[in-house]
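When you get a sec, could you build the whole thing from the sequences and use the hints?
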Amino acid sequence: MTRDIDCAWAGPWTWVGCLNKSSGKSRQAQAPTIVMFLVQQDTDTGLLFLFRNLTEFLSLGEHSSLNFITQLMESIQAKQGLVGPNDPIQRTQLPYVTGTSVVALKYKDGILMAADMGGSYGSTIRYKSVERIKPIGKHSLLGASGEISDFQELLRNLDELILYDNMWDDGNSLGPKELHSYLTRVMYNRRNKFDPLWNSLVLGGVKNGQKYLGMVSMIGVNFEDSHVATGFGNHLARPILRDEWHENLSYEDGVKLLEKCMRVLLYRDRSAVNKLQIAKITEEGTTISQPYALKTFWGFTAFQNPTAGAEGSW
Amino acid sequence: MFRNQYDTDVTTWSPAGRLFQVEYAMEAVKQGSAAIGLRSKTHVVLGCVNKANSELSSHQKKIFKVDDHIGVAIAGLTADGRVLSRYMRSECINYSYTYESPLPVGRLVVQLADKAQRSWKRPYGVGLLVAGLDEKGAHLYYNCPSGNYFEYQAFAIGSRSQAAKTYLERRFENFSESTREDLIKDALMAIRETLQGETLKSSICTVAVVGAGEPFHILDQETVQKLIDSFEIAGTEEGPAAAPDSAAEGGSAAEGGAASEQGAPADEGVAPMDI
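Top to bottom, those sequences are chains A and B. 57 is the number that full-length UniProt numbering gives to position 57 of the first sequence; each next residue is one higher, with no gaps. 56 is the number that full-length UniProt numbering gives to position 56 of the second sequence; each next residue is one higher, with no gaps.
Because the hints were derived from the structure by calculation, they are not lab data. There are no misleading hints in this set.
DSS-like cross-link-like pairs, simulated, lysine-lysine; straight-line CA separation at most 25 Å:
| no. | chain 1 | residue 1 | chain 2 | residue 2 |
| --- | --- | --- | --- | --- |
| 1 | B | Lys30 | B | Lys121 |
| 2 | A | Lys295 | A | Lys256 |
| 3 | A | Lys211 | B | Lys136 |
| 4 | A | Lys260 | A | Lys108 |
| 5 | A | Lys108 | A | Lys177 |
| 6 | B | Lys136 | A | Lys177 |
| 7 | A | Lys207 | B | Lys136 |
| 8 | B | Lys41 | A | Lys207 |
| 9 | A | Lys275 | A | Lys256 |
| 10 | B | Lys165 | B | Lys201 |
| 11 | B | Lys136 | A | Lys138 |
Short, incomplete list of chain B residues facing chain A, as computed with Cβ under 10 Å:
| no. | residue |
| --- | --- |
| 12 | Tyr97 |
| 13 | Thr98 |
| 14 | Ser101 |
| 15 | Pro104 |
| 16 | Gly106 |
| 17 | Arg107 |
| 18 | Val110 |
| 19 | Asp134 |
| 20 | Glu135 |
Virtual Cβ for every residue (Gly too), placed ideally from N, Cα, C.
In structure tokens:
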């Protein structure tokens with residue numbers, strides 16, 4: 001009698017184990033028996049399956065119980081995020097709720113930065129009103145892509161920094177250059193501890209007439225440029241900016257250019273949502289626009305009758 | 001100041017509300033050789049009298065560069081001064097590393113003053129004249145062993161500093177608008193005041209400058225001697241040797257100034273200086 005042992009993997013803590021005592025037939029036809037075992041690294045004892053849902057079965061085929069356990073152990077270890085008692089200490093994370101690209105450029109009076117308001121949970125667009133651009137102190141704007149909770153942690157951190165800076169009350173204040181350097185130190189030191197803040201940050205600002213725009217990645221790579229982007233923006237928006245950006249863009253031209261970039265991202269980045277904010281910072285101060293949507297065009301002939309060439313498809 | 005039963009410990013108050021140990025520490029500053037500082041809107045100049053113990057030994061180092069934009073002159077226990085300037089350098093460099101920006105002087109002096117307030121340590125027996133630049137302009141601060149700090153337009157500390165202070169008090173209102181050269185000249189004159197009749201030579205004094213676009217640096221001996229000669233303020237025991245250098249704006253002003261104030265002109269028939 002063959003025994004098909006099925007187990008499923010749909011994310012951390014969503015193990016499903018089913019022991020099917022019958023053979024051969026299509027799995028869907030059998031009523032599965034759910035068995036719970038205890039997981040240990042040494043293969044003497046059994047395995048623990050936490051029941052969550054019964055989707056995406058993966059068959060291990062015919063094996064003796066010991067082999068089955070061994071194979072399953074390996075597949076457990078291969079799954080990210082779970083660490084056994086004998087493993088070396090590590091704190092590598094996975095991002096859970098993520099924001100997509102941020103695009104920014106220098107214009108005549110200061111910096112313009114744009115980001116959409118989406119927070120994706122894997123492939124689901126879960127949150128649609130996430131503010132991913134925030135003002136920091138009097139002189140800077142911070143935009144972030146990547147893990148939203150890490151961005152919020154950074155904001156708390158920077159809040160305290162700016163508070164202490166203000167408490168000196170001596171006329172000196174941290175400008176965008178100082179904040180950029182500080183963030184680089186933070187990101188790099190976290191990466192060295194294998195505990196990164198899973199973000200790509202864009203820091204822009206104006207102080208004493210000097211415009212500043214820089215980027216810091218989650219491993220601490222940092223640089224300064226006239227236009228920057230994170231994530232997909234690097235591939236889709238920056239080529240546009242390289243061609244069309246020039247010194248002393250007016251505010252209207254800057255916004256138009258940013259909207260052009262964001263539109264391309266909207267069409268082509270699956271985690272983009274059509275709800276964005278554009279932020280502006282000048283010597284006078286910061287303004288973050290109300291959320292708005294871009295006009296899109298889907299009336300291409302190829303979309304009109306998509307199944308024209310293959311009846312029955314969708 | 002007399003010895004009394006409340007002065008053994010820095011943590012003991014006297015009935016009159018004084019901490020004698022701190023006051024004694026301030027006395028130590030008065031024993032050190034003079035240091036002076038003065039500032040304009042864009043530059044700060046520090047100067048000090050550097051007497052060697054004997055002809056065989058080198059001079060005590062009293063002016064320290066803390067960062068490109070900050071320098072300090074000390075008076076009192078120079079060993080304490082060395083320790084504090086090492087602390088200041090470390091603070092500046094740490095700030096620079098994190099923020100890629102120069103530490104504002106005002107914040108450094110507050111940190112320095114706070115360091116003085118440790119009850120388990122004796123007070124630092126050194127007065128510090130901190131000169132520096134930040135985005136608000138040029139600053140000169142005096143940090144004293146009590147943990148107080150004040151900002152000054154011009155100041156002098158150490159032995160016979162009162163003479164220099166008197167000279168600076170007469171002139172300080174013009175310092176804001178002074179040029180760099182005038183500021184250095186005033187510093188040299190103030191140093192000369194503390195010498196009480198001795199000739200001013202570059203071998204016994206040190207001058208340092210910091211300004212907008214000019215990192216803090218100590219002027220070398222030849223430059224200082226040239227400046228002394230060109231300003232013609234060496235003193236009265238020996239007139240300045242040979243003809244003075246092309247003095248730029250300092251020369252005629254020095255003659256006029258020197259003649260009116262101290263009666264020590266460059267030509268023959270020098271009158272004795274009245275101190």
